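Asks: Work out the full structure, taking the sequences as your base and the hints as a guide.
Protein chains: 2
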Amino acid sequence: MQMRPLVLRRASLIKRILTTHRHYSTRFGYAHSRCLVFSRFGQPEKVLKLHSYSIPPPYDDIINVRFIASPINPADINQIEGVYPEKPEFTLGLGTGDKSAVPGNEGLVEIVSCGSKVNPSIRPGQWAIMSGPNFGTWRTYAQAKESNLIMIPDKEGISPVQAATVSVNPSTAYRMLKDFAGLEPGEYFVQNAANSGVGRSAIQIGRLWGLKSINIVRDRPDIDKLKEELISLGGTEVITETEAKDKRHMAKITGGQPVKLALNCVGGESATNLARILGYNGHLVTYGAMSKLPFSVPASALIFKNIHCHGFWISAWSKENDAAKSQMIRDILGWIRDGEFKDIPYETTKWSEDTRLETLMEPVKRGISEYSGRKGIFMMEDD
Amino acid sequence: MQMRPLVLRRASLIKRILTTHRHYSTRFGYAHSRCLVFSRFGQPEKVLKLHSYSIPPPYDDIINVRFIASPINPADINQIEGVYPEKPEFTLGLGTGDKSAVPGNEGLVEIVSCGSKVNPSIRPGQWAIMSGPNFGTWRTYAQAKESNLIMIPDKEGISPVQAATVSVNPSTAYRMLKDFAGLEPGEYFVQNAANSGVGRSAIQIGRLWGLKSINIVRDRPDIDKLKEELISLGGTEVITETEAKDKRHMAKITGGQPVKLALNCVGGESATNLARILGYNGHLVTYGAMSKLPFSVPASALIFKNIHCHGFWISAWSKENDAAKSQMIRDILGWIRDGEFKDIPYETTKWSEDTRLETLMEPVKRGISEYSGRKGIFMMEDD
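As you go down the protein sequences, you meet chains H and G in turn.
Counting from 1, one number per residue, gives the positions in the first sequence under UniProt numbering.
Counting from 1, one number per residue, gives the positions in the second sequence under UniProt numbering.
Errors might be hidden in some of the hints.
Copies of the same chain look alike in the list, so a pair counts if it fits in one copy or across any two.
20 Å max Cα-Cα, derived SDA-like pairs, lysine to any residue [to be verified]:
1. Lys-178 / His-308
2. Lys-319 / Asn-281
3. Lys-87 / Phe-304
4. Lys-49 / Thr-91
5. Lys-99 / Leu-50
6. Lys-319 / Phe-304
7. Lys-155 / Arg-123
8. Lys-87 / Gly-279
9. Lys-247 / Pro-85
Please keep in mind that the hints were generated in silico from the structure rather than gathered at the bench.
This one's a predicted model, so the numbers in the text were calculated from it and none came from an experiment.
Replies: Okay, structure coming up:
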């Protein structure tokens with residue numbers, strides 16, 4: 001009976017500091033972070049809890065950051081379920097009874113305050129995104145180090161959502177188009193799940209690099225509308241899975257020009273068909289398995305057509321390519337700023353001081369069921 | 001009724017020239033070549049015929065060669081069936097009524113005589129093998145150009161069978177071990193069909209290069225004898241397909257050391273299991289499909305283990321790598337000469353002036369049914 005008033009008093013104190021000094025307040029006192037946490041792997045509805053903890057002022061190389069926007073990616077949900085190979089660190093440092101971790105891998109932060117040994121070019125008010133996975137981005141405040149962050153040098157013309165979503169989907173598309181097949185302007189690539197976040201990014205980056213794209217989407221009633229939309233983003237051709245299986249249709253599209261790269265997010269028959277569409281020396285890059293089906297590669301395609309199959313995982317790539325990642329993020333943000341790169345469809349959920357667990361769970365649940373729907377994004381209110 | 005004596009007389013004349021002057025005779029007259037031919041794709045028993053034709057003396061850059069030994073490879077049979085992407089040239093140059101081709105891609109020849117513009121380092125009596133596919137090696141004499149041949153500079157210590165079989169099986173193993181995974185001494189590779197010609201070659205080349213091999217063979221009653229034999233060739237471990245599926249058994253073998261390369265000649269579940277055995281960044285190279293089953297690659301292995309799948313086809317490689325091929329042949333023949341490289345099991349069929357079609361068809365028929373049995377080799381009699 002003693003505890004409750006004490007907690008309330010402390011929360012209210014922190015709230016007052018935050019409200020009075022806005023986020024700079026943390027330079028002088030404790031910040032109050034609200035976060036989703038989980039202490040064991042399982043279905044998000046069962047294992048996620050809402051938790052609050054205090055963050056002390058930064059010292060030495062510590063940087064206090066405020067989250068502005070954190071996307072909900074399929075990988076985040078797989079990570080909570082425990083079926084993702086990248087595991088977060090479970091810690092008692094959040095003040096939870098059991099060792100817990102904060103979910104979320106992608107996010108945009110604002111620098112709030114810096115310890116005395118932080119690089120002086122990093123200043124309050126600047127934006128940054130996570131340099132790698134596992135930071136735990138589904139929270140309102142956190143402490144970071146410079147190595148956790150990629151600073152965004154110029155936020156002019158960039159929306160919070162655009163900055164927050166740059167490091168997974170557009171980055172995956174960028175690397176797959178650049179790193180596997182040595183594509184030159186005028187050459188073809190093909191992709192399934194072309195309406196996904198990565199798919200829409202690949203269409204646009206392909207257009208910017210002068211590549212021709214064959215974009216395969218699932219058969220659906222409103223196909224003409226979707227075709228029109230993806231063509232307007234810069235797709236060369238948009239076809240259904242059924243059309244993609246028709247050899248003559250494919251030959252008509254390419255005029256016999258070989259397709260050198262295929263991007264596969266689906267698996268199953270759709271992926272096997274990509275191997276068929278590829279030309280001699282082609283590369284098939286898998287970055288997802290939406291159908292949850294493995295795919296067969298005919299030995300003849302490997303041996304006689306010299307097809308190569310690879311996988312791509314942005315998390316693993318990011319860990320080993322700091323400099324290239326920063327350059328890539330600058331490229332993509334540059335295109336966004338110039339109006340050359342349109343957002344993927346998204347839906348935001350406001351996250352303020354008093355947002356309840358149920359509200360935060362809504363986009364998470366949608367993320368489980370709708371892999372190719374609108375991306376959910378937590379938008380943290382600057383309260 | 002007129003034809004028969006004429007043909008007999010001519011054959012007898014040629015025979016006399018050949019017998020008197022042995023093969024040098026062709027410098028002064030016509031050689032008499034006997035060959036298998038086919039004028040349409042189909043089952044070898046149905047489409048192969050025995051044919052004789054005359055070969056004029058060589059002029060300019062022409063080299064007359066006598067075949068010493070020509071292997072019967074699975075690819076040769078697939079080529080006759082028309083299911084092999086590499087097609088021979090069908091020509092009227094052999095004197096057949098219909099356009100015909102000579103089957104056989106691999107073979108050892110002896111130089112018989114050279115035209116005036118042939119490189120003078122090429123001299124009668126020297127040995128050579130085919131530089132690429134499609135020459136048509138199932139015959140006794142032929143005309144070639146220097147570009148068709150890889151000269152064997154020193155035949156000392158090399159048997160005709162060894163020289164004749166060097167360019168497909170040992171060469172395929174050599175390239176797959178060298179070109180895909182950057183294997184260093186002490187590192188592991190794994191292969192299925194370890195008892196095949198390529199498999200036995202890979203075991204031995206692996207031993208010579210200091211690599212550790214895990215050799216998977218089909219479950220069979222006389223497994224211990226086969227294990228002993230392959231270990232004696234230099235295999236590190238020999239296990240059955242059943243044992244290879246047991247994760248704990250595999251971990252015990254490698255002691256947790258990652259397997260960086262897998263060679264797949266089988267397909268189906270056996271190949272999928274190779275992908276499971278491979279460690280992070282591993283390469284799976286397919287060079288055959290003995291089971292005739294395609295194989296599935298789990299997307300997780302591609303994405304999270306960064307497995308790469310390739311195919312390897314020695315015919316395509318040979319066309320683009322003249323210099324590297326010559327060096328490789330020298331390496332392998334050097335090992336053979338030094339007693340470091342043992343023959344794969346084989347069975348010869350003598351081919352002399354009067355050998356009948358039925359006799360020549362026997363190893364071809366065996367080649368259709370026994371992919372992993374003894375390799376059949378035509379041995380041409382120097383008559």
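Asks: When Cα atoms must be at most 20 Å apart, do Lys-319 and Phe-304 count as within-copy, between-copy, both, or neither?
Replies: For Lys-319 and Phe-304, only the inter-copy Cα distance (13 Å) is at most 20 Å; the intra-copy one is 35 Å.
Asks: Within a copy, between copies, both or neither: where do Lys-178 and His-308 come within 20 Å Cα-Cα?
Replies: both (15 Å within a copy, 17 Å between copies)
Asks: Using 20 Å as the alpha-carbon threshold, which applies to Lys-87 and Phe-304: within, between, both, or neither?
Replies: Close across copies (12 Å), not inside one copy (40 Å); limit 20 Å.
Asks: Within a copy, between copies, both or neither: where do Lys-155 and Arg-123 come within 20 Å Cα-Cα?
Replies: Within one copy only: 14 Å inside, 76 Å across.
Asks: With 20 Å as the alpha-carbon cut-off, assign the pair Lys-49 and Thr-91 to within, between, both or neither.
Replies: within (15 Å within a copy, 78 Å between copies)
Asks: Checking Lys-319 and Asn-281: alpha-carbon separation at most 20 Å within a copy, between copies, both or neither?
Replies: between (29 Å within a copy, 15 Å between copies)
Asks: If the cutoff is 20 Å on CA atoms, where do Lys-87 and Gly-279 land: within, between, both or neither? Let me know, please.
Replies: Only across copies: Lys-87 and Gly-279 sit 19 Å apart there, 38 Å inside one copy, limit 20 Å.
Asks: Quick one: Lys-247 to Pro-85, C-alpha cut-off 20 Å, is that within a copy, between copies, both, or neither?
Replies: between (37 Å within a copy, 18 Å between copies)
Asks: For the identical chains here, do Lys-99 and Leu-50 meet the 20 Å Cα criterion within one copy, between copies, both, or neither?
Replies: within (14 Å within a copy, 80 Å between copies)
The structure fails none of the hints (numbered hints given earlier).
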